[in-house]
Amino acid sequence: MENLIGLALNSVFVGNILLSYFLGMCSFLAVSRNLATAAGLGVAVVFVMALTTPVNWLIYHGLLAPGALAWAGLPGANLSFLKLIVFIAQIAAIVQAIEMVIDRYSPALYTALGVYLPLITVNCAILGASLFMVERNYSFAETLVYGTGSGVGWCLAIVAMAAIQKKLRYALVPRGLQGFGINMITTGLIAIGFMLFAGISL
Amino acid sequence: MTTAAARPWAAVRRTAAYKETVKALWRANPISKQILGICSALAVTVQLETALVMSLALTGVTAGSSLAVSLLRKAIPRNIRIIVQVAVIATLVILADELLKAFLFDVSKQLSVFVGLIITNCIVLGRSEAYALNHPPGQAFLDGLANGVGYSSVLLGVAFFRELLGSGKLFGATVIPEAFYRAGYVNNGLLVLAPGAFIMIGLFVWLEHTLLERK
Chain A
36 MENLIGLALN
46 SVFVGNILLS
56 YFLGMCSFLA
66 VSRNLATAAG
76 LGVAVVFVMA
86 LTTPVNWLIY
96 HGLLAPGALA
106 WAGLPGANLS
116 FLKLIVFIAQ
126 IAAIVQAIEM
136 VIDRYSPALY
146 TALGVYLPLI
156 TVNCAILGAS
166 LFMVERNYSF
176 AETLVYGTGS
186 GVGWCLAIVA
196 MAAIQKKLRY
206 ALVPRGLQGF
216 GINMITTGLI
226 AIGFMLFAGI
236 SL
Chain L
392 MTTAAARPWA
402 AVRRTAAYKE
412 TVKALWRANP
422 ISKQILGICS
432 ALAVTVQLET
442 ALVMSLALTG
452 VTAGSSLAVS
462 LLRKAIPRNI
472 RIIVQVAVIA
482 TLVILADELL
492 KAFLFDVSKQ
502 LSVFVGLIIT
512 NCIVLGRSEA
522 YALNHPPGQA
532 FLDGLANGVG
542 YSSVLLGVAF
552 FRELLGSGKL
562 FGATVIPEAF
572 YRAGYVNNGL
582 LVLAPGAFIM
592 IGLFVWLEHT
602 LLERK
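Here the protein sequences come in this chain order: A and L. Those letters in the first sequence? Residues 36 to 237, by our numbering. Those letters in the second sequence? Residues 392 to 606, by our numbering.
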C-alpha cells in the first residue's frame, strides 16, 4: 500500500510525465493559452489515461507478452513487438468510444471538449504511459495508480502553465523570445519547482 | 568561371523541390517554427549519440511514411485516412525499433520508449497529412526527408550544448581539458536534468527568431 502511495506521488510530481519525461508537449503548448480549455483538456487526459493504461496492461499481459499465449497452446510465442501498433489502435478506439458516450449523455461537455478529444489520440503522454508501464514491469494495481497519477500530473502542469501565461501577457518579454521561447523557459522553471518534491520520501 | 558555376545553382534554386527543402530546414523548421515534435527533442538530447540515432530514426520514418502515403494516396478513402496513415507510420516505427535493437542495442536501451513514440510525433503525421496526401511520391519523399533533417538540426544543436556544458563531453569523449576542472570549472548539472532541456530550447528559439527577423 505504501508502495502505491509512493508511486502515486512520484507519478504526479517528481516523475511528472510532462515535466520530466517531456511527453504531451504539443498539446500542452497549443492549448495552454486559455485556462478553461486547458482544464477541460486536462480532465479529459486524466480520464483517458486512467482507462487506457490498465486496458493496455490487460492486453499486453493477456496476449502479447512472451509466453502469454500459453493458454492457446503457443507457449513459445512472443508478440511483444506488436505492442506499439496494438496500443495505439486501442487508444484510438477508447477515445472514439468515450467521444460517443459523452456525445450521447452530456452534449454540453461534448461541445466543450469536442475538438480536444480526437487530439488525445496523438497525445504522446497517453501512449508513453502505456509503454513505460511495460518497460517498468508494473503489476496491475501499480498500473492503475500510475496511469491515473500521470494523468493528474499532466493536468496539473497544463493548468499551472495556462494560469502563468495569463499573467505573462503583462510582462515585457524581448521580441525574439515572445511566444514559444518564453513558454519553454517558463516550463523549465515549473519543472524545477516540481523536481523539488524529490526530497520527500514516504 | 564563377558565373558558369553559379548558373546551374540558380536553376536549382528556382525548382519547387529546392524551395520546399529550404522552407522545411529554415523558414518553417518543424521544431522551432511550427512547434511540432517537441517531446522527443527534449528527452533524447542529454547526449549527442542518442540525439543522432533518434534523428536518423525519425528522418527515416518521416521520409518512408511520406513516400508510402503518397504512393497510396489515390487508394486511401478520405474518411479513414488518419487510421491508414497511423498504421503505415506504426509499421515503419516498429521496423526502426527492431533495427535499433539488433544493431545498436545500448543506444536503443537509452532511447527506451522514445523510438516507439515517433508514432505520435506530430511531424510525421503532420507531413503525411498536409503534404504527402496530395503530392507525387518523389516530392513527398523529399519533403519528408527535409523535415526530418530540419528536426535533426535542432536536436543536434541542443544536444551539443547540453552534453558539452552539462557533462563536458562530446559523443561520450571528454573534451573539456583536465586543467579547466583544476582551475575551478564545474559542469553545469542543471543542463543534464529535465528543466535544462526546456531552458536550452527556449534560448535556441530566441536566437533563431532574432536571426530571422534581422533579414
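Please note: incorrect hints may appear among the correct ones.
If you anchor each label on the Cβ, the simulated ranges turn out as follows [what the hints assert, rightly or not]:
no.: 1; chain 1: L; residue 1: Leu602; chain 2: A; residue 2: Val136; range: 30 to 40 Å
no.: 2; chain 1: A; residue 1: Lys201; chain 2: L; residue 2: Glu604; range: 36 to 46 Å
no.: 3; chain 1: L; residue 1: Arg605; chain 2: A; residue 2: Met36; range: 56 to 66 Å
no.: 4; chain 1: L; residue 1: Thr565; chain 2: A; residue 2: Leu144; range: 54 to 64 Å
no.: 5; chain 1: A; residue 1: Leu144; chain 2: L; residue 2: Lys410; range: 15 to 25 Å
no.: 6; chain 1: A; residue 1: Tyr205; chain 2: L; residue 2: Arg605; range: 25 to 35 Å
no.: 7; chain 1: L; residue 1: Asn525; chain 2: A; residue 2: Ala132; range: 26 to 36 Å
Mimicking SDA-like on lysine to any residue, the simulated pairs with C-alpha atoms at most 20 Å apart in a straight line are [what the hints assert, rightly or not]:
no.: 8; chain 1: L; residue 1: Lys492; chain 2: A; residue 2: Gly75
no.: 9; chain 1: L; residue 1: Lys492; chain 2: A; residue 2: Ile217
no.: 10; chain 1: L; residue 1: Lys492; chain 2: A; residue 2: Val169
no.: 11; chain 1: A; residue 1: Lys202; chain 2: A; residue 2: Asn69
no.: 12; chain 1: L; residue 1: Lys500; chain 2: L; residue 2: Lys410
no.: 13; chain 1: A; residue 1: Lys202; chain 2: A; residue 2: Ile217
no.: 14; chain 1: A; residue 1: Lys201; chain 2: A; residue 2: Leu191
no.: 15; chain 1: L; residue 1: Lys492; chain 2: A; residue 2: Leu191
no.: 16; chain 1: L; residue 1: Lys500; chain 2: A; residue 2: Leu117
no.: 17; chain 1: L; residue 1: Lys500; chain 2: A; residue 2: Tyr173
no.: 18; chain 1: L; residue 1: Lys500; chain 2: A; residue 2: Pro101
no.: 19; chain 1: A; residue 1: Lys201; chain 2: A; residue 2: Ala100
no.: 20; chain 1: A; residue 1: Lys202; chain 2: L; residue 2: Gly593
no.: 21; chain 1: A; residue 1: Lys201; chain 2: A; residue 2: Asn69
no.: 22; chain 1: L; residue 1: Lys560; chain 2: L; residue 2: Val540
no.: 23; chain 1: L; residue 1: Lys492; chain 2: A; residue 2: Leu114
no.: 24; chain 1: A; residue 1: Lys202; chain 2: A; residue 2: Leu212
no.: 25; chain 1: L; residue 1: Lys500; chain 2: A; residue 2: Asn172
no.: 26; chain 1: L; residue 1: Lys492; chain 2: A; residue 2: Leu99
no.: 27; chain 1: L; residue 1: Lys410; chain 2: L; residue 2: Gly563
So these bits of chain L aren't anywhere near chain A, every CB distance computed over 12 Å [stated by the list, open to error]:
no.: 28; residue: Glu440
no.: 29; residue: Arg469
no.: 30; residue: Leu495
no.: 31; residue: Glu569
no.: 32; residue: Arg573
no.: 33; residue: Gly575
It should be emphasised that the hints constitute simulated quantities derived from the structure, not laboratory data. Just so we're clear, the structure is a prediction, and the values are computed from it rather than from any experiment. We put the beta carbon where it would ideally sit given N, CA and C, even for glycine.
Of all the hints given earlier, name the ones this structure violates by number, lowest first.
-> Hint check: 1, 2, 5, 8, 9, 12, 15, 19, 22 and 27 fail, others pass.
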